[in-house]
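Protein sequences appear in the order of chains A and B.
Going by the working numbering, the first residue of the first sequence is number 26, and it counts up by one from there.
Going by the working numbering, the first residue of the second sequence is number 1205, and it counts up by one from there.
Just to be clear, a hint being listed does not mean it is correct.
[Stated by the list, open to error] Across the chosen pairs, the derived CB separations fall in these ranges:
| no. | chain 1 | residue 1 | chain 2 | residue 2 | range |
| --- | --- | --- | --- | --- | --- |
| 1 | A | G89 | B | L1219 | 46 to 54 Å |
| 2 | B | L1219 | A | L184 | 43 to 51 Å |
| 3 | B | A1258 | A | P213 | 47 to 55 Å |
| 4 | A | A192 | B | G1232 | 34 to 42 Å |
| 5 | A | P132 | B | E1221 | 46 to 54 Å |
| 6 | B | E1276 | A | D135 | 49 to 57 Å |
| 7 | A | R134 | B | S1307 | 19 to 27 Å |
| 8 | B | A1258 | A | D110 | 48 to 56 Å |
| 9 | A | Q188 | B | D1270 | 56 to 64 Å |
[Said to hold, decoys possible] Residues on chain A that point at chain B, a partial pick, calculated with CB under 10 Å:
| no. | residue |
| --- | --- |
| 10 | D78 |
| 11 | A192 |
| 12 | T195 |
No lab work stands behind these hints, which were simulated from the structure alone.
Glycine included, C-beta positions come from ideal geometry on N, C-alpha and C.
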Amino acid sequence: MSGRHTGQPHTHTVEGTDPQLYVGVHEPESDSGLRPVLLLHGFSSSAKLNWEDTGWITALLEAGRRVITVDLPGHGRSGAPEDMDSYSPSRIRADLLQIAFDAGVRPLRDGDPSSGLDLIGYSLGSRLAWEFGATQHELVHRMVLGGPNVADPLADFDLVAAQRYLADGTPITDASTAGLLKLAQMLPSNNIFSLLSLVEAIKGEPFDPAEAVPHMPMLLVAGEKDERAASMPDLAALGAKSGAMVEQLVLPGRNHTNAITSRAFKQGAISFLGV
Amino acid sequence: MAEISFPLPDLGEGLIEATVLEWLVAPGDQVERNQPLVEVETTKSAVELPSPQAGKVVRIHGGPGDKINVGEPLIVLEVPDNTAGIVGTVPKEEAPKRRVRLSAVLDED
């Protein structure tokens, strides 16, 4: 495949419909010869906010890595489909697989460092990466999961309370729900109703990390003050129990919002994936 | 040599201040154009600010946890006289892609 561009819209249909996902492929000036890195952003974020403005894309390109970014449905520059199915985690994983193949990713081959794919996820992106890695072990070489969580705060989201709040301002009693909704409303570019569709779809397929455990090497990273990732050691134990090589990195003083720009996080990820 | 002060740039979305998370450079460091200088956090997100031009770091303003208002000094760079004069003109290198960038405030003297 040739003529790839940054920001080329993804137009391949998956299961008969166009997922309307906005994909970016970023080529390094001097290629390390290593496999591409796919970046998966968090809930109510985007490839730009999670990876570009934070310096991740620049850092990976400087390390000679080819970078693939995608905006999740209803986020960033991706479309906001009306059907609920477009937002289900299983559908998103199928879309990611198609995006990887369209970007020229080939299955892992022994002794070929350009084959396969590395993944970096943050928050919801880490959940998607965990599941993607567990099911696509012939494709995924290594993964870095930032702000990961054994539990699923989106599955516990009080959708009824959120809809009531949006309709007439009735206060939301559940603190996690109120916090997530505030996050979703913070950016004018967010389509709040498609973010709620994503929440509803996730409630239909809540994260169960024990159901399918990735076997490839993983680096788990979280801010020391990240309450949403306090269960990171449990996730690490789950991976180790099934035979995966799992490393953990805790970022002193950082929380779920500001861990993402951390140099230690970027350097840790680049070095972990640089093999 | 000339000193140029760069204030905290407008971070968009009506944000008026940012909190310093971590400086990636220190006074005395030679920095390249586009080299990451500092991580800052707003009420909406955390961002990394790249250097608008090459130079030597003279001063940095604010330590981790300190708030800086948009427009207040963030960093002072020492640059050769022949490049200080062209601040505000089109740079020779290709145009930056990043939305948030520092721009200089020239000294009155």
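Each hint, compared with the structure:
1. Hint check: G89/A to L1219/B, Cβ distance near 34 Å, so the stated range 46 to 54 Å is violated.
2. Between L1219/B and L184/A, the C-beta spacing of about 30 Å breaks the proposed range 43 to 51 Å.
3. Here the CB-CB span from A1258/B to P213/A is close to 35 Å, at odds with the stated 47 to 55 Å.
4. In this structure the hint that A192/A and G1232/B lie 34 to 42 Å apart at CB is violated, the actual value being about 58 Å.
5. With their beta carbons about 49 Å apart, P132/A and E1221/B fall inside the hinted range of 46 to 54 Å.
6. Between E1276/B and D135/A the beta carbon distance is about 55 Å. The supplied range of 49 to 57 Å therefore holds.
7. Distance hint check: the CB atoms of R134/A and S1307/B are about 48 Å apart, inconsistent with the given range 19 to 27 Å.
8. For A1258/B paired with D110/A, a C-beta distance near 51 Å keeps the hint of 48 to 56 Å intact.
9. Checking the proposed 56 to 64 Å range against Q188/A and D1270/B shows it is violated: the Cβ atoms sit about 40 Å from each other.
10. Restraint check, D78/A versus chain B: the minimum CB separation of about 5 Å is within 10 Å; hint holds.
11. Interface restraint check for A192/A: the shortest CB-CB distance to chain B comes to about 25 Å, outside 10 Å, so the restraint is violated.
12. Hint status for T195/A: violated, given a least beta-carbon distance of 24 Å to chain B, over 10 Å.
In terms of the numbered hints stated before, the structure departs from hints 1, 2, 3, 4, 7, 9, 11, 12, listed from lowest to highest.
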